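Trainee: Next come the chains, spelled out residue by residue.
Protein chains: 2
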Amino acid sequence: MPRQNPPADNHPARLSLISRHLAPVYPINTPYAVERLPDTIDTSLLPKTQSRSLSTSPKMSSQPAHPTLLIPGPIEFDDAVLQSMSHFSESHVAAGFVATFGETLSMLRKLFQTSDPSSQPFVLSGSGTLGWDLVAANLIEPGEDVLVLGTGYFSDGFADCLRVYGATVTELKAPVGTKPQLPEIEKALSEKRYKAITVTHVDTSTGVLSELQQLSALVRRVSPDTLIIVDGVCSVACEEIDFDAWGLDGVVTASQKAIGCPAGLSISMFSGRAMKAAQNRKTPPASYFASMKNWTPSKSSLHSLSPVPHLADHQTVMQNYEAKKPSYFATPSPQLIHALHTALSQILAKPVSERFAAHRAASDRIKKAIADLGLKQVAANPDEQAHGMSAIYLPEGVKGPDLLPILAKKGVVFAGGIHKEIVAKYIRFGHMGVSVLDPKRNDVDHAIKSLREALAECGYKKE
Amino acid sequence: MPRQNPPADNHPARLSLISRHLAPVYPINTPYAVERLPDTIDTSLLPKTQSRSLSTSPKMSSQPAHPTLLIPGPIEFDDAVLQSMSHFSESHVAAGFVATFGETLSMLRKLFQTSDPSSQPFVLSGSGTLGWDLVAANLIEPGEDVLVLGTGYFSDGFADCLRVYGATVTELKAPVGTKPQLPEIEKALSEKRYKAITVTHVDTSTGVLSELQQLSALVRRVSPDTLIIVDGVCSVACEEIDFDAWGLDGVVTASQKAIGCPAGLSISMFSGRAMKAAQNRKTPPASYFASMKNWTPSKSSLHSLSPVPHLADHQTVMQNYEAKKPSYFATPSPQLIHALHTALSQILAKPVSERFAAHRAASDRIKKAIADLGLKQVAANPDEQAHGMSAIYLPEGVKGPDLLPILAKKGVVFAGGIHKEIVAKYIRFGHMGVSVLDPKRNDVDHAIKSLREALAECGYKKE
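Protein chains in written order, with UniProt numbering: chain B, 1 to 463; chain Z, 1 to 463.
Calculated from the structure, these hints are not laboratory results. On a predicted model such as this, the values are computed, not experimentally measured, just so you know. Keep in mind that the hints are not guaranteed to be accurate.
Identical copies look the same in the list; a pair holds intra-copy or inter-copy alike.
[As the list claims (entries may be wrong)] Below, simulated SDA-like cross-link-like pairs (lysine to any residue); rule was C-alpha separation at most 25 Å, straight line:
{"#": "1", "residue 1": "LYS461", "residue 2": "GLU141"}
{"#": "2", "residue 1": "LYS293", "residue 2": "PRO142"}
{"#": "3", "residue 1": "LYS325", "residue 2": "ILE406"}
{"#": "4", "residue 1": "LYS282", "residue 2": "ASP160"}
{"#": "5", "residue 1": "LYS462", "residue 2": "GLY400"}
{"#": "6", "residue 1": "LYS376", "residue 2": "ALA361"}
{"#": "7", "residue 1": "LYS192", "residue 2": "ALA217"}
{"#": "8", "residue 1": "LYS293", "residue 2": "GLY272"}
{"#": "9", "residue 1": "LYS420", "residue 2": "ALA323"}
{"#": "10", "residue 1": "LYS187", "residue 2": "MET275"}
Input sequences plus hints: build the corresponding full structure.
Mentor: Rendered as structure tokens:
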């Protein structure tokens, strides 16, 4: 691919790698302002693949103009978060970095709304998918039964992962665009003793939102020992999750969606009950990298890389980080952890309830605009519609491969379909994080306007 | 932890997120110059944990002054690499990013010196440890025998990982500071049929270097079907590895060592023979996230997120990326991939042989200086000494917990011991990447001078 770029050394806009994440509190999203775009950038020199929409996409902050990424993750990132990615190199066991990691884990407790000290956060290098391995390899033993609530591509993936580690999986599948309902879940739970039930809070393939609070109450009533595991990849930080109050046992997610940190981190929270299930399993954990036990070192298997006393037994590496003590099993990514620290600091600068409400309000506005265009959601029932994304059926005669490139030319990147039963029939619009929270950004209005124009260019007229 | 930092918005040195990695060729390490340190930074405002050595550490590039990280990974990073970490958000299936990922995979072939089209690179979100899982879960079936050449903490770890996935492991252990020798390896290989032999090219716990070329020739002669797997975490990009010529079957490594890219990526290369072993296994792969098969999607399990035709069967996700076709199993980290692209572009701007020779020359100089101080290497035999790190025995009466903080005050971060048999008796000095390759940096001389002074402050006198 031919590429052109101004040589780094001649470029007048110098990089400051000062770690802004260290400021104690972040004004949320304030860095976004048109005037902060360096006016010294000669946009004609930008590489073509990244500059095609310079004339139409909204100018943002100090990032070079680029098409607005409105897929259901990765999302657009805040300047300060991206700057934290450039943090200078540090030892993964140095006091400064360990403090940053520790604060990050403590902040995750607040995001997940858990104050129970037995809850355990994990942050591992990996993608969201690794969270499934973490559940399947540690909480479930070969032959144990798991009930998977089927909502689409991603619940199917979780089921596949559980099977790899030997679980006996029962999938309770719902028609495309819906979710299994409480009465059928109750019936299933009463027929067999399940070690765990898994629910995909938002299935990114359909935009179907599952309800957790009543589900959890049902499980506790009908099958109190069953662990309640939530795939929160497309829900954490945009949909309400009240870990303690709802009695959840595990929520796994990733960094690049509503949390607003670049991809590369598997982020999860487990209850004391789940941690106990992992500790008390009869068979050894069925993974090495994703083994909770390996993050629970004994004196003989773990050696601090720093001149500090050896760690007490049964203290996890994550617990040590949170206690600001250096610890080691596998090397974390200091840069990604700094970025996550920045993102969480921004999120927690306001009550999380406000964040969820803001996503809900933006989603309502977007779904109304989509309805006004005469289009239908894949998730037909408003109560089952996610608030951080919309899966939208294409109108008759309009094809994704025609529509999406037109949108891209207008500076808006939507995603195509992924659910195999309807793959060519719909598109996906992600609306999480700064794109809906930053009042200075025009991302949503621009996207809706562009969608309207692009549909017209494809020959669509509202009936 | 109390923290102080200039508020982001008042800071005069603005961040440019222009992706310099897109320049076609990189002048190696040129960004390092004292005059590029922004003189507008008020260093008194920097957080204390990161500024303690501002007066003594060499000033570098546009990164804020910080202690020089000379542990055996993570290493100091080049400015352009760190800048690539701040790349604006892109879809992981967008043409621009897919091209970057594809070029990255192609460049890895050059770094590993393989032109055999059946060789297969993998880049996954994770740490170096995940490479062990990749080997153990895909190439080895439960009950199969693996011969592990024992050189220290990290070969023990590889053995543990193999056992987790059901391998029957034979460890051929050598005394601390040495490696198993060819005659005993030949004897072991002739006694049993091993599916694979693993060798830790550089054991980061001891600084012992294993020789690969003669080892490989021996294995091919005595046990031709045995897969030759190399843990290259602390060797790839600083020690010579000639994948094709030496007939290697797998080399696993991480991003944050001699490759010079921040932590967060598991990077590996497998031969056609190894790929065939993974494809032909009788039992399914024993991991989901680290399953080579899951990165080899079938039509039913993989759906492109982009409006492109579905992928052909038996084409791996990695192969699609390299062919610049969008593909999906789990979301990669675009920012880390951009940084890796930049790092590899810098590495390949010169013949890799020159890079290996430069590391060798720097290592010779460092080891001579250490000997001149009257200190001994953990790896006693010069032929068995790594060229990217030195594990150094402390002199009688000097303790790591006394010495390392003094070094840190002088702006030099070394690592403590990690091998359980000698953990308190030695320290580790990493000398990889820009710290030894950039003529403008004074890292090595400063480190040696600081070590001499710190030893004196601890009361050490050369006998």
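Trainee: Each hint needs a verdict: does it hold in this structure or not?
Mentor: Evaluation of the provided hints:
| no. | hint | in the structure |
| --- | --- | --- |
| 1 | LYS461 / GLU141 | neither (55 Å within a copy, 58 Å between copies) |
| 2 | LYS293 / PRO142 | both (17 Å within a copy, 21 Å between copies) |
| 3 | LYS325 / ILE406 | between (52 Å within a copy, 20 Å between copies) |
| 4 | LYS282 / ASP160 | both (23 Å within a copy, 18 Å between copies) |
| 5 | LYS462 / GLY400 | within (17 Å within a copy, 75 Å between copies) |
| 6 | LYS376 / ALA361 | within (19 Å within a copy, 67 Å between copies) |
| 7 | LYS192 / ALA217 | within (18 Å within a copy, 57 Å between copies) |
| 8 | LYS293 / GLY272 | within (14 Å within a copy, 34 Å between copies) |
| 9 | LYS420 / ALA323 | between (46 Å within a copy, 24 Å between copies) |
| 10 | LYS187 / MET275 | neither (28 Å within a copy, 45 Å between copies) |
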